[in-house]
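S.K.: Work the whole structure out from these sequences, hints included.
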Amino acid sequence: MPAIQLKDYCFAHQPILDADGNTVAIELLYRDAQPEAGNAFDDTTATANVILNVCSHLGMIELMGKRKLFINVAEDLLLSDSITLLPKDKVALELLEHIKITDEILARVRELKAIGYEFALDDYVFHFDPCPLFDLVDIVKVDILQADLNALDELVAYLRQWPCKLLAEKVENADIHQACLKAGFDLFQGYYFAYPTLHGGRITDPAKLVVLDLLTRVSSDADLDDIEASFKGNPGLTYNLLRLLSSPAFYTSHKIGSIRQAIQILGMQQLGRWLQVLLYTQQNEQSCLSLLELAVHRARLMELMASSVDAAPEQAYVAGMLSLADCALGMSMETIIQHLNLVEGIHRALLKREGDLGRLLRICEKLENGEFEEVAEIVESLNITISSLMEMQAASIAWGNRMLHDLFEQPH
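FYI, the numbering for the sequence shown is 1 to 412, going by this note's numbering.
Since the hints were made in silico from the structure, they are not lab data.
Any given hint could turn out to be false.
[Said to hold, decoys possible] With a straight-line Cα cutoff of 20 Å, these simulated SDA-like cross-link-like pairs (lysine to any residue) come out:
#	residue 1	residue 2
1	Lys366	Leu351
2	Lys88	Lys100
3	Lys182	Ile227
4	Lys182	Asn22
5	Lys170	Asn150
6	Lys182	Ala151
7	Lys170	Gln146
8	Lys88	Val125
9	Lys88	Cys164
10	Lys113	Lys170
11	Lys90	Glu104
12	Lys165	Arg217
13	Lys170	Ala12
14	Lys66	Val125
15	Lys255	Thr281
16	Lys100	Leu85
17	Lys165	Val210
18	Lys88	Tyr117
19	Lys113	Ala74
20	Lys182	Asp148
21	Lys170	Ala19
22	Lys66	Leu289
23	Lys88	Ala107
24	Lys100	Asp148
25	Lys170	Trp399
26	Lys66	Asp20
27	Lys90	Tyr117
28	Lys165	Lys182
[Claimed, not checked] Simulated DEER-style distance windows between Cβ atoms:
#	residue 1	residue 2	range
29	Ser258	Leu149	55 to 65 Å
30	Pro163	His98	21 to 31 Å
31	Tyr195	Lys113	52 to 62 Å
32	Trp162	Glu314	27 to 37 Å
33	Leu85	Gln338	50 to 60 Å
34	Glu373	Tyr158	43 to 53 Å
35	Asp226	Gln146	47 to 57 Å
36	Tyr158	Ala114	19 to 29 Å
37	Glu373	Arg160	31 to 41 Å
Glycine included, each C-beta is placed from N, C-alpha and C at the ideal position.
M.R.: Dropping the structure here:
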């Protein structure tokens, strides 16, 4: 089999959250970029080298921390020696429910579990025929789109006969998430946290109102005295600014003697970016932190793609960062935009997904859901190849992971 390069495949990643909204794992989605070109890999031809190549480009193995990377493995890969190339403390191996269960498969799963690998059974659809893998896997993933939401209690009670965690996948909105949470699921996969829950046009967290007001001043090119006064009236915001300058993300050797000096050291562009981050973190809700991670990855990917469509990189970054602000603030995007002095291109992207920035944002959204065919249709009209998009996708994930790690690392 010829060496498989990054240009040969598309990949995406989706967060897996616990009941408290912490992102505890990531699922890696991947498929061949050009199946018609004769280099396709499928369930029977994918190798550990392919997966390792993806992980290496993503920079995720090193940056996962306590999170595990969920990866679909086919029968051939499961039975091969190559599977042990994957770090057992960093990955969870997903088996499709329709895998042909033989004594050889069961023995192999037992063997790999004995040396520390974790297993998940993927795409489970509720029925009363027990699967032999239930006694072996650590996690059962239930396809919620195929489940009867009125019978979730019965489903959970049935699966609780086995000592495995239950993961609800394809959880698409807050109502479905609440139903799964109430039924007793342990883990949740899907972008339910990335859909806005509106609160009548009012920001429910006063601290976020302060941040939005300050972001408005920065985006309107207010003078330094005005911005400094806003910080002086908000001691908590001032503390966070000084703490930021002590973090690995923005560390400076300068001794800070005043709020004005801190603002000048950071600069208006970086100050704006930091305020965009604060929109997602003021209440320190884990769901907001998951939103922040998603927004940062969008922003960086759009920034990297901007030059390909002759768009301003900083405008692309801002559009990506603000694309989930309605979810973080509980306000409509129309209301948020009224507060901010944004250029027309960002307006069109955020409200209608139109224009060059709108198309870049749509690429991000389609990638997040693993909708690779739709991604291909959009990039076909742009000066972006699939291979360069995948390079930028990998770079944005690695950059975002490093930035968030540095930003929230406690200063010494």
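S.K.: Now tell me, hint by hint, if it's right for this structure.
M.R.: Okay, the hints, checked on the actual structure:
no., hint, in the structure
1, Lys366 <-> Leu351, "17 Å, holds"
2, Lys88 <-> Lys100, "23 Å, violated"
3, Lys182 <-> Ile227, "45 Å, violated"
4, Lys182 <-> Asn22, "17 Å, holds"
5, Lys170 <-> Asn150, "17 Å, holds"
6, Lys182 <-> Ala151, "12 Å, holds"
7, Lys170 <-> Gln146, "10 Å, holds"
8, Lys88 <-> Val125, "27 Å, violated"
9, Lys88 <-> Cys164, "18 Å, holds"
10, Lys113 <-> Lys170, "27 Å, violated"
11, Lys90 <-> Glu104, "25 Å, violated"
12, Lys165 <-> Arg217, "48 Å, violated"
13, Lys170 <-> Ala12, "15 Å, holds"
14, Lys66 <-> Val125, "29 Å, violated"
15, Lys255 <-> Thr281, "26 Å, violated"
16, Lys100 <-> Leu85, "24 Å, violated"
17, Lys165 <-> Val210, "41 Å, violated"
18, Lys88 <-> Tyr117, "5 Å, holds"
19, Lys113 <-> Ala74, "16 Å, holds"
20, Lys182 <-> Asp148, "14 Å, holds"
21, Lys170 <-> Ala19, "15 Å, holds"
22, Lys66 <-> Leu289, "16 Å, holds"
23, Lys88 <-> Ala107, "18 Å, holds"
24, Lys100 <-> Asp148, "26 Å, violated"
25, Lys170 <-> Trp399, "27 Å, violated"
26, Lys66 <-> Asp20, "16 Å, holds"
27, Lys90 <-> Tyr117, "9 Å, holds"
28, Lys165 <-> Lys182, "15 Å, holds"
29, Ser258 <-> Leu149: 55 to 65 Å, "56 Å, holds"
30, Pro163 <-> His98: 21 to 31 Å, "23 Å, holds"
31, Tyr195 <-> Lys113: 52 to 62 Å, "37 Å, violated"
32, Trp162 <-> Glu314: 27 to 37 Å, "52 Å, violated"
33, Leu85 <-> Gln338: 50 to 60 Å, "53 Å, holds"
34, Glu373 <-> Tyr158: 43 to 53 Å, "35 Å, violated"
35, Asp226 <-> Gln146: 47 to 57 Å, "55 Å, holds"
36, Tyr158 <-> Ala114: 19 to 29 Å, "28 Å, holds"
37, Glu373 <-> Arg160: 31 to 41 Å, "38 Å, holds"
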